Amino acid sequence: MSTQDTEDIELPESLSYHDWAAAVREDRLLGQECGDCGHVSGVPSGACQECGGRDLTTVELPTTGEVYSETTINVPPEQFEERGYQVAVVDLGDARVMVRIEGDHVDIGGDVVLSGHIDTDDDHPAPTFEPAE
Amino acid sequence: MARASVVGAGMTKFGVHDTPLQELFGDAAFEAFDDAGVGPDEVEALYFGNAMGGQTENVTHLGPQCATHVGMAGKPVQRYEDACATSANAFKNAVEAVESGRHDVVLVGGVERCTPETGKDTDEMTRIFASASHRQYEQPTGLTFPGVFALLTKRHMHEHGTTEEQLAEVAVKNHGHGSLNPKAHFGKETTVEEALDGPVVADPFRLMDCCPFSDGAAAVVLVSDDLADSFDAPVDVTGVGHATDIVPLADKETPHVTKAARDAARQAYEQAGVSADDVDFAEVHDCFTGAEVLASEALGLVEDGQGGVAAAEGRTSRDGDIPINASGGLKAKGHPIGATGAAQIVELTEQVRGEAGEHQLDGVSRGVAHNLGGDAATTVVSVMEARA
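Protein sequence lines, in the order shown, are assigned to chains A and B.
Take any residue in the first sequence, note its place counting from 1, add 37, and you have its number in our numbering.
Take any residue in the second sequence, note its place counting from 1, add 10, and you have its number in our numbering.
Keep in mind that the hints were calculated from the coordinates and are not lab data.
Here the structure is a predicted model, which is why all the values come from computation and not from measurement.
Every residue, glycine too, gets a C-beta built ideally from N, C-alpha and C.
Incorrect hints may appear among the rest.
Simulated DEER-style distance windows between Cβ atoms [claimed, not checked]: (1) A:Gly146 <-> B:Ala83: 17 to 23 Å; (2) B:Ser141 <-> A:Cys74: 27 to 33 Å; (3) B:Asp131 <-> A:Asp148: 36 to 42 Å; (4) B:Asp329 <-> A:Asp148: 45 to 51 Å; (5) A:Thr157 <-> B:Asp242: 54 to 60 Å; (6) A:Arg120 <-> B:Glu263: 29 to 35 Å; (7) B:Asp242 <-> A:Gly89: 45 to 51 Å; (8) A:Cys88 <-> B:Glu175: 40 to 46 Å; (9) B:Gly129 <-> A:Gly83: 36 to 42 Å; (10) B:Lys198 <-> A:Glu50: 42 to 48 Å.
Simulated coverage check for chain A against chain B, where a stretch passes if three residues somewhere in it have a Cβ under 8 Å from a Cβ of chain B [claimed, not checked]: (11) 79-86; (12) 98-107.
One chain only, chain B, in its complex shape:
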């Protein structure tokens, strides 16, 4: 039995938008409404994600603003902030709401702007992003988010022999995937040579190891299992796991193992009654190339220590045995923080329906989404599959 079903999905192109947040969110939400064939009067609540609007655009009480814009004024709105896992957290709570009978039809989505369109340049935005690290015990060292994942990845390289070339292969793969996705921020392929020639951001990460600052929005209409059959193309949510880990990073027992992701994946697989072997494809949180390596292992899609090797061998490419980030991932599709988790759900929905267009994978019926926040101290893992 499904915990809930996605019956409508929509997202903006990820990239640079000079649009106000509510209008950007509206573009995704209206697409999701139209896809589901519902109007705002039938939608009972909004589960909304925005991580940094207060810091980036001086906007804090954004939930009702977005609800008003999409015709849902008066309906209850709950706004989630969980760093980069913001809208996956909104999604998890929405799934619980329809599963429990609290609501039958809800809208879930997120929106964010991170590009210089916000008026914030790179060093200002780098500081805002670093606010997801520990204020007292991490930020004063000058740690950045590329730095956080560099620390995790360097330890992985030390223990497993992962190489900078293998990290570059992740970037090459995801840019190749993104070149097939018209909604991706980057539409251009790259090469290992080009990636390894880029300027160092935080070693081992060069520019091409890092996802871009993006603007965008994504939304889905979620309904209860009972209602799903009355819609055209429901895609079932069969498992959602959610776990956290110790903050700060230094106090985690083995930071590069990303324990929260393993705990969340175990919960999600158990709920769905599946194992990693049953997963056809995955969208994982590749904010940096090393993060994809860690995620592919934490989800059990490749053996521990083999995440880099798997990417270099093409096992995680769209024609490999376990395609990862066919959308281009955060790396190429882009990473508008509060929209990223919802966009993964949009991607899983479209792939399972066979409606992903040029970047459609062959014969996939079950996908997993992995959305992390902070230094992987929050992770939400969702399993979605074709309705039986």
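Chain A on its own, in the form it takes in the complex:
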């Protein structure tokens, strides 16, 4: 889903975890921009991570990015049954998010695009990305 399809959706004034999670389930990524210092975070906070300001605006984050770091996990925690899945920090430009990679392995610097989400951890969704074409 591109940003264009979602620009009509009203963004929550104050971003909560539940808003963020609901957006992930709709294949969207929401972050926050600080009205005081301009810092953009990839997930909600009660105050700006950089300056502590509370004038935060919810922003729609891009759904394409570049892998900042990644690892393939072969010894998973309890209730993650599969092995050998890839977890990555994806740089979306103004912010980064931690995601699961689906499809082919991607190295650092590789281009990726939001592909959906997984919801295997007690109703806590995580965004998934896949290699961009």
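Assemble the complex: chain A is given as a structure, and chain B must be docked to it using the hints.
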């Protein structure tokens, strides 16, 4: 002037213990009491660390249980939980308590059991460890703690060219060091070939890049500067820095730089009036080989980007110019979470006194301890030195 002095130190062997937590803690605490020549009646308070007892053993109100076991019932106990930095945080608060005059003599220590003796197997314990990552924004991806440090290390490798062979050299070094320490979990040396042949846990980390799940306890008796001279072998605490960084990891500006460690180190060095060049040896938080690489740079002991190279060249070996983890570190000595920070203080004390036995370093009088928690979002750095 010292902020505080350690006058007694004790720790159990790290490894596998079927002992209840209070008894394990007691073994370390009694050793520290006897080393200091004090009894529990002279000790005014307990600063206690345990990170995961509630999850691992269904034990939460452990502070008074441990105080009772060591004869300190009635004394104030404060229990700290700060992931892997648990007992360094207890230590920091204890230093502040004796420095401020609130107490003159305190016991500081920690205890933890992480092995299958708890009844928890590897995948259960892996999930418990992952509870130190962000519940909403990290755990749902299936991230593990080897995974957290893999993400930091992979970026370091990308930016600086650090290699898997260099990571293996850290493991080889620390296993070599640990083979000289009878209290280490692992007493066996390893080779680069063996390390690189191990199964991958979270790439780039193979089994030998990872510290073990360990059980153990460590404790020290800490006294005010004024009282220190009335004890036999005081070792001064001249600086303790403590800093945090953004959680979750993805929001850190440059995660692999471990900013909290740099901030904590700067504070600790400033308090002690020293620079990294003045440090003779270090105990750093090598929960994974890559973590030692990052720590050695963050503490200023080696140049940025050179942590892996330094290990491979032997600069951080016990006979190198800046020995790191002469105890074997978390990698070989073991990592009973809530005891690890206190055990670093025990190691610094014994090295500075010249009482470290077979793994004693030559001519060291000032050491630094680096204990981190979570994804390095908490770091406590302590400087200890021979009393002038």
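Has the hinted range 17 to 23 Å been met by the Cβ atoms of Gly146 (chain A) and Ala83 (chain B)? Roughly 59 Å apart at Cβ, these two residues miss the hinted range, so it is violated.
Against chain B, does the stretch 98-107 of chain A show at least 3 residues with beta-carbon separation below 8 Å? As far as the stretch 98-107 of chain A goes, the hint holds, because 3 residues have Cβ atoms under 8 Å from chain B.
Kindly confirm whether 54 to 60 Å is satisfied by the beta carbon distance between Thr157 (chain A) and Asp242 (chain B). 57 Å Cβ-Cβ, so the 54 to 60 Å window holds.
With 40 to 46 Å as the target window, see if Cys88 (chain A) and Glu175 (chain B) comply at their CB atoms. Hint holds: Cβ distance 42 Å, inside 40 to 46 Å.
Is it true that Ser141 (chain B) and Cys74 (chain A) lie within 27 to 33 Å of each other by Cβ? holds, 31 Å
Taking the beta carbons of Asp329 (chain B) and Asp148 (chain A), is their distance inside 45 to 51 Å? holds, 47 Å
That 45 to 51 Å hint for Asp242 (chain B) and Gly89 (chain A) (C-beta), does it hold up? holds, 48 Å
Confirm or reject the claim that Asp131 (chain B) and Asp148 (chain A) have a C-beta distance inside 36 to 42 Å. holds, 39 Å
At the C-beta level, are Arg120 (chain A) and Glu263 (chain B) separated by a distance inside 29 to 35 Å? Once the Cβ atoms are compared, 32 Å apart, the range 29 to 35 Å for Glu263 (chain B) and Arg120 (chain A) holds.
Taking the Cβ atom of Lys198 (chain B) and the Cβ atom of Glu50 (chain A), is their distance within the range 42 to 48 Å? violated, 59 Å
Cβ contact check, 8 Å cutoff: the stretch 79-86 of chain A against chain B, three residues minimum: Three-residue rule met by the stretch 79-86 of chain A, so holds; n is 3.
Cβ separation of Gly129 (chain B) and Gly83 (chain A), checked against the hinted range 36 to 42 Å: About 37 Å separates the Cβ atoms of Gly129 (chain B) and Gly83 (chain A), which means 36 to 42 Å holds.
Violation of the numbered hints given earlier is confined to hints 1 and 10; the remaining hints are satisfied by the structure.
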